[in-house]
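> Chain residues, written in single-letter form:
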Amino acid sequence: MLNPFSSRQRARLRAFFSKPANIILVVFFVALCFLTLYPLILLFLETVTVHAGKEMRATKLGAGSLTLYSLERIFATAKNSYSSLTFYEPLMNTMAVAITASMISIIFGGSVAWLITRTNLKFKKFISTVFVFPYIMPAWTLATFWQTFFKNVNVGAGTSNGIMASVFGVYMPEWFVYGYFPISLVIGLHYAPFAYILIGGILRNMDANLEEAATILKTPRWRVMLRITLPIVKPALLSTLLLVFSSAMSAYSVPVFLGSPVRYYVLSTKMMSLINNYPGQGYVIAAVMIIFGVTILAVNQRITGSRKSYTTVTGKSSQISLVNLRKLNVPIAVILTVILLMVAVVPLLTFAMESVIIKAGDYSLSNMTLDFWIGTNLDYLDQGDSTGILLSAKVLKALGFSLLLAITCSVIAGTSGVLVGYGIVKRRGSKLATAVSNLSFFPYLMPSLAFGAIYLAMSTRIPGLQGFVVLALIGSVKYLPFASRSGVNAMLQLSGEIEEAAVIVGVPWYKRMLRILFPIQKSSFLSGYLLPMVSCMRELSLFVLLVPTSNTLLTTMLMQYSEKGWAQFGNAINLLIIVVVLLVNFLVNKLTGASIDKGVGG
Amino acid sequence: MKKFVSLLLALMLVLTSSFAMAESVADLAKAAESMTHDELVEKALAEEGTFIVYGNTSRIVTAAEAFSALYNIPFEGSNLKDAEIYTKLANEIEGKAKGADMVMIQDGASLQSMAIDTGYLVNFVPASVKATVAEGDQNPLIHQFINKVFIWNNKGENVPAITNVWQLTEPQYKGNIVFKAPDAEQVNMNFLVMLTSEEWSGKLAEAYKNLYGKEIELGDCENAGYKWIAEFLGNCVFGNSDTTLAEELSQETAAGKLGLFVLSKLRSSSVYTENLTVGQYLASETGTAIEPFSGFMYPMYAMLSSNASRPYTAMLFIEYLMGADGFHPWGKSIGAYSTNTAIAPLEGDLALDVWKSSLVMEDPEYILDNYEDVYSFVTMYLQ
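As you go down the protein sequences, you meet chains A and B in turn. The opening residue of the first sequence carries number 556 in the numbering used here; numbering runs sequentially from there. The opening residue of the second sequence carries number 345 in the numbering used here; numbering runs sequentially from there.
Errors might be hidden in some of the hints.
[Claimed, not checked] List time: in silico DSS-like cross-link candidates among lysine-lysine, alpha-carbon distance up to 25 Å:
no., chain 1, residue 1, chain 2, residue 2
1, A, Lys-1077, A, Lys-1066
2, A, Lys-949, B, Lys-442
3, B, Lys-499, A, Lys-914
4, B, Lys-518, B, Lys-474
5, A, Lys-1145, A, Lys-1077
6, B, Lys-518, B, Lys-558
7, B, Lys-700, B, Lys-474
8, B, Lys-442, A, Lys-952
9, A, Lys-680, A, Lys-882
10, A, Lys-914, B, Lys-700
11, B, Lys-425, B, Lys-374
12, A, Lys-949, B, Lys-425
13, B, Lys-440, B, Lys-425
14, B, Lys-676, B, Lys-474
15, A, Lys-1077, A, Lys-680
16, A, Lys-952, B, Lys-700
By construction, these hints were calculated from the structure, which means they are not laboratory data.
Hey, can you work out the whole structure from these sequences and the hints?
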């Protein structure tokens, strides 16, 4: 009998696979290669393939033939400044937005994190609770709010006034209402909680002895801050910066709302406008976005590599003296509270308001109706639907589908996260563990829209990879980084002895996981389930290319309504999504103690 | 010997019947074009399963609902975007999965290149309308035309009552024209492509001469069509939805502004219709037409899927759609025009012929051949 392995090799293999951690790592290594690397290859193939439709006319080739047409159009077509307008300018805009947005996130989120963990600021509980709202809510929430609030007759299409102009008589200039500034600001505010959670986590867990030692030696506060606190959180800061940068780069809904009225294109919006007529060119842009993502991963890897030496200093210091803000305390607290109300609460009230008025801009009682919520026979409105959203079978079906998808993704991603965490920590330092760790983090850096494009390319080649299956698959893979991160963190905190005791008395692996490891770190693990669920409920970019129809998910339905201009139904659905997401977050938090900040926090 | 003949006959019967079973939807449709209404009904009712329709208009679902109630046929209707329809069709047909029986869609150029060249969609003209639908509208079968026309706000002192499209390129209109971004809606791009054709660039050159009394200077532009596109788009601000454009343009705050959008939006309850004037309506009243066009018009096609599992039901539905009852969901308000001349236009609206002669119409072949050039030209003016 032919046997490629010698008996010694066989024995080593058997020994290798007798450890559950190894099996987990091998399984995930193979699965993740298939789910991230294979589709990547397909994507690159799509950039050199002729697609049915206008590409066939342009290239005079049959569908499926190989061509450099799309690459040439995107990178090197001078006629009508095509490449420059379609690619280079949007690329510059994307960079500008992503850099500004990540700076805003870091500065705002970081300052609040410092205020909450290191000072005696008032209203801490309120601020820390509400601060994460913008991250939980869909990104376009703030964008549409910004538009409704600041639009006026002098800017964009310029035909009607928003609240600021009609109520306060203040007409903001165009750069303030549309384009680079508001896009960067809104994305920055959306990801500020992310920075807050990451930096706050470090500050909270950081050994405060160093700071205290300095304080005892009468070092001035600012010096402690500059020489001790900042250097310690610097790797976390940089890492957060890169993560936010990569998310901001692929933001799609915010530039659609705040960029398109003034034709301010970024890569994501350009890609979407190309994908219907010239899919090849759309895929080229997706590929560029991914190359950026991978570069960021590499940079991040170097930084987090050095970060490890800091986090080994963990173990909470018993006491840390909080900075007394004195006279500044109340003003800072009030300003923060007002900002948070503007960012997290007022938009919701605006949506509620906009969902009950018939003619835009007229806030008199006679122009109000609850029909968009609970009406029937609404043909008189001529807005597509004939029943209010709470009675509409279509909306309820989408709500059910969205919830089912969110739960599925959270179960798959969450469970995988626990397993990956176990595998990586048990085999820490091995090549396989490092590879799986990188692969499981990789999807985070894939811009959502581009990742969707990859799976679209894959779904046209693999039968059965359609509808719910492909959505659940991509959701699980995309959110795995959150879950595996909290899985790794939870496992790192567990001493190996706990499991060893059970190993000695011969408790099987699955029992050790279910009876010992999971219960001890329940809330950390569950946080790894919560974040994928919440993210999935409010996700648009990732799914927009893959949904069977726009009516499949609440978020894609919302986008369609907004495109059709059915504003009131749109606002009502938007509010429904936010309420459901907040409710899910609240319930899971109350029932299990899991929370978003634990899921992300380092 | 007798036995042998009967065996042979039986074999032939089996062969022909199995051959008949393999008959394509296209063959069935061809054969059914001479069927009477009753024959179609009989064949349709003999079919099984859910009848599935896709359309890029929300009203297709209303029409399918009424049809389903009439014949007691279970149905599923989806209002999808064009691109979604093509993706789904491709997946269903290549994967031989149950899917659409019938599709209603706009944008003739994409239809040609995505669905007709590929054989995904099949044409069917019901016998009932062969005589009442213009021959040019029969292949592929056009169910209705929809128009996008110049409409302006009639409040204030500077009412933009234009009589020549070149007026729109003048400096006073800078920022005062609203138009849905042509990269956000295909039919808008198709309209711009058509303007570069010999016919329309010629008419535009003539209109220029009529307005300014001199020949047009083209500069870098290839023809008067390109020139007008450049200057018109330069004055435009772009919206994302015709509904929103109509709503906003109808506000008192929009005095002095003009838009080019779907006429049917005037029926919307969120629009202050009284604040808006439709260029072509005014032109028909005063007898002074807008030179050389008062907007554009695009067809909405009704076709069978080559993958239909209820082909006869789909044919019956098309027959239903082409009649007065089937057209009602669209025809009850202005801005939609049945190609069936037996259906009169709505009172207060103009007849299809009048619109056809004053609007820019699509030519799918011309659009496909020139799309790339115009698309990249237009991109320059979308910034």
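> Next, verify each hint and record whether it holds.
Going through the hints against the structure:
With a C-alpha separation of about 15 Å, the suggested pair A:Lys-1077 and A:Lys-1066 falls inside the 25 Å cut-off, and the hint holds. A threshold of 25 Å between alpha carbons decides the hint, and for A:Lys-949 with B:Lys-442 the separation of about 21 Å falls inside it, so the pair holds. Between the alpha carbons of B:Lys-499 and A:Lys-914 the distance comes to roughly 18 Å, so the proposed pair stays at or under 25 Å and holds. Simply put, B:Lys-518 and B:Lys-474 have alpha-carbon atoms about 47 Å apart, too far for the 25 Å limit, and the pair is violated.
A threshold of 25 Å between alpha carbons decides the hint, and for A:Lys-1145 with A:Lys-1077 the separation of about 14 Å falls inside it, so the pair holds. Distance restraint check for B:Lys-518 and B:Lys-558: the Cα-Cα separation of roughly 23 Å lies within the 25 Å cut-off, and the hinted pair is therefore satisfied. With a C-alpha separation of about 20 Å, the suggested pairing of B:Lys-700 with B:Lys-474 holds against the 25 Å cut-off. Annotation: proposed proximity of B:Lys-442 to A:Lys-952 holds, straight-line Cα distance about 21 Å (limit 25 Å).
A C-alpha spacing of about 20 Å is found between A:Lys-680 and A:Lys-882, which places the hinted pair at or below 25 Å, so the restraint holds. A threshold of 25 Å between alpha carbons decides the hint, and for A:Lys-914 with B:Lys-700 the separation of about 33 Å lies outside it, so the pair is violated. Between B:Lys-425 and B:Lys-374 the CA atoms are separated by roughly 28 Å; this puts the pair beyond 25 Å, and the hint is violated. A distance of roughly 16 Å separates the Cα atoms of A:Lys-949 and B:Lys-425; the hinted pair therefore holds under the 25 Å criterion.
Note on B:Lys-440 and B:Lys-425: the hinted pairing holds, with a Cα-Cα distance of about 22 Å set against a maximum of 25 Å. About 24 Å separates the Cα atoms of B:Lys-676 and B:Lys-474, which keeps this hinted pair within 25 Å; it holds. A threshold of 25 Å between alpha carbons decides the hint, and for A:Lys-1077 with A:Lys-680 the separation of about 24 Å falls inside it, so the pair holds. Between the alpha carbons of A:Lys-952 and B:Lys-700 the distance comes to roughly 42 Å, so the proposed pair goes past 25 Å and is violated.
Violated hints for the displayed structure, listed by number in ascending order: 4, 10, 11, 16.
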